[in-house]
Amino acid sequence: MARTVIPFGPQHPVLPEPIQLKLELEDETVVGVMPIIGYIHRGIEKAAELNDFRQNVFICERICGICSFIHALTYCEGAEAMTSVEVPPRARFLRVFWSELSRTHSHLLWLGLLADSMGFESLFMQIWRAREMILDISEMTAGHRIIQSTCIIGGVRRDIDKEMAKEVDKRLLAFKEMLDSTIAPVLLRDPTIKRRAVGKGMLSKEQAELLGAVGPTSRGSGVAIDIRQTGYAAYKEVGFEPVVETAGDSYARTLVRAREVYQCVELMRKALSMMPEGEILVRVDGYPEGEAMSRTEQPRGELIYYFRGNGTNNLERLKIRTPTFANIPTLLVMLPGCEMADVPVITLSIDPCIACTER
Amino acid sequence: MGILSTSRMKSPWLLHFDCGSCNGCDIEILAALTPLYDIERFGIVNMGNPKHADVLLVTGPANHRNYRVLRNLYQQMRDPKGVIVVGTCGCTGGVFHNCPNVLGGIDKVIPVDVYVPGCAARPEAIIDAVVLALGKLKAYGK
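Top line first, the protein sequences correspond to chains A and B. For what it's worth, our numbering labels the leading residue of the first sequence as 1, then goes sequentially. For what it's worth, our numbering labels the leading residue of the second sequence as 360, then goes sequentially.
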């Protein structure tokens with residue numbers, strides 16, 4: 001049987017973003033895969049050297065609209081380390097709240113896209129209906145549905161007062177009820193999902209460690225790594241245990257994300273109830289000097305920023321390593337041997353975010 | 360109006376292409392298709408195939424790599440067609456205006472009919488833009 005090469009992307013209905021996979025097929029079985037990236041490279045790292053270091057928060061936020069708050073948080077953590085600014089405790093708790101809010105909406109978005117890629121249209125619609133409740137909370141607390149834009153160097157720009165915190169808590173409980181009644185039972189019991197995901201796209205623990213997988217992709221294979229364990233922002237006070245599954249298939253990665261949604265709701269409620277009174281923003285004097293690194297946990301895994309400053313208004317270098325970049329090599333293990341029809345589901349199972357990867 | 364132009368007006372099909380946006384506008388386009396906004400009740404359907412589509416929704420600024428893909432998609436669409444740019448960065452370059460790999464707004468590559476500013480644009484604004492683009496398709500049928 002001669003080999004056929006089928007291009008998958010860059011414009012494909014399953015993927016909202018442009019990535020191209022060149023699939024080598026033998027009959028219906030995939031034997032080789034070559035990812036081609038670079039379609040949405042903008043050159044943000046270079047632009048970050050041209051802008052004022054305080055303005056960079058806004059461009060870093062727009063590296064990825066889905067986890068925009070976490071990008072801003074990572075940038076701010078690094079910039080604060082370089083300018084030796086101590087963030088007020090209330091701001092640290094608010095940062096945890098908004099981080100978990102973006103994680104919740106990112107995971108729900110992904111669960112919906114997964115259902116869509118399986119052709120399970122009604123589940124997709126249900127999950128996105130639940131997601132609107134989270135976006136309403138985002139709009140109420142930050143003023144925008146997607147890009148919160150509340151994190152700046154030295155703290156946060158908006159406060160959540162007691163009344164609003166009460167309302168958020170009420171809405172989070174309603175959201176959890178909706179998850180329990182409509183979405184969780186389908187994800188856990190539905191035979192259609194199990195048939196398309198169980199045993200597909202296997203990644204063993206050894207392979208995950210060898211290829212340097214991060215986030216839910218590695219946690220689905222039994223590697224208990226989550227940067228929130230390091231206790232940045234206020235995760236130390238709030239307390240945190242990573243969610244781990246051991247099967248290593250697409251279904252395990254789905255379960256990790258579904259369980260993390262519940263965990264996020266708990267973390268958000270905890271952060272709001274434990275939040276101390278006080279300042280939310282401190283003045284930043286001085287310019288970035290020397291080197292700094294900051295690491296945070298994005299919905300897709302570990303995010304690393306590296307900074308080098310020279311005591312002026314502009315950074316000398318900003319280097320960003322995003323989780324999808326670390327996870328793309330795992331596709332080379334997961335895809336060979338699968339059927340053509342499973343390619344969309346397996347590709348989605350690492351939750352590729354091309355906007356982050358290519359910047 | 361003939362049956363073709365009537366059905367085009369009653370059920371326009373969309374093609375969505377991400378040109379280099381941050382995903383913010385893309386997920387708002389998807390949100391417009393899902394239960395809260397539900398544009399499918401107006402017959403608007405998201406399509407993967409450029410040859411079936413009437414309206415092209417583009418997000419993000421054009422860059423040196425993807426402008427060929429964008430032009431290719433535009434040329435594959437049959438007339439009459441409308442082009443909508445969603446998001447400030449697709450309109451002018453926006454926050455990415457000084458990024459080295461960015462050419463600027465989408466109108467540097469293909470002709471644009473409706474601009475939707477906003478970072479990220481709201482689903483209501485996107486629905487409004489589709490309705491405006493339909494005006495152009497309507498004029499073509501006459």
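Treat the hints loosely; a few may be bogus.
[Unchecked claim] One side of the interface only, derived from the structure: several residues of chain A facing chain B at Cβ under 8 Å:
hint, residue
1, Val5
2, Ile6
3, Phe8
4, Gly43
5, Leu50
6, Val57
7, Phe58
8, Ile63
9, Ser122
10, Ala355
[As the list claims (entries may be wrong)] Computed footprint of chain B on chain A; a stretch qualifies when at least three of its residues, placed anywhere within it, have a C-beta under 8 Å from a C-beta of chain B:
hint, region
11, 64-75
12, 137-150
13, 273-284
Read the hints as simulated data drawn from the structure, not as lab findings. Values in this document were obtained by computation on a predicted structure and should not be read as measured data. C-beta atoms are modelled at their ideal positions from N, C-alpha and C, and glycine is treated no differently.
Worksheet item: For this structure, which hints from the list above don't hold up?
Response: Hint check: 1, 2, 3, 6, 9, 13 fail, others pass.
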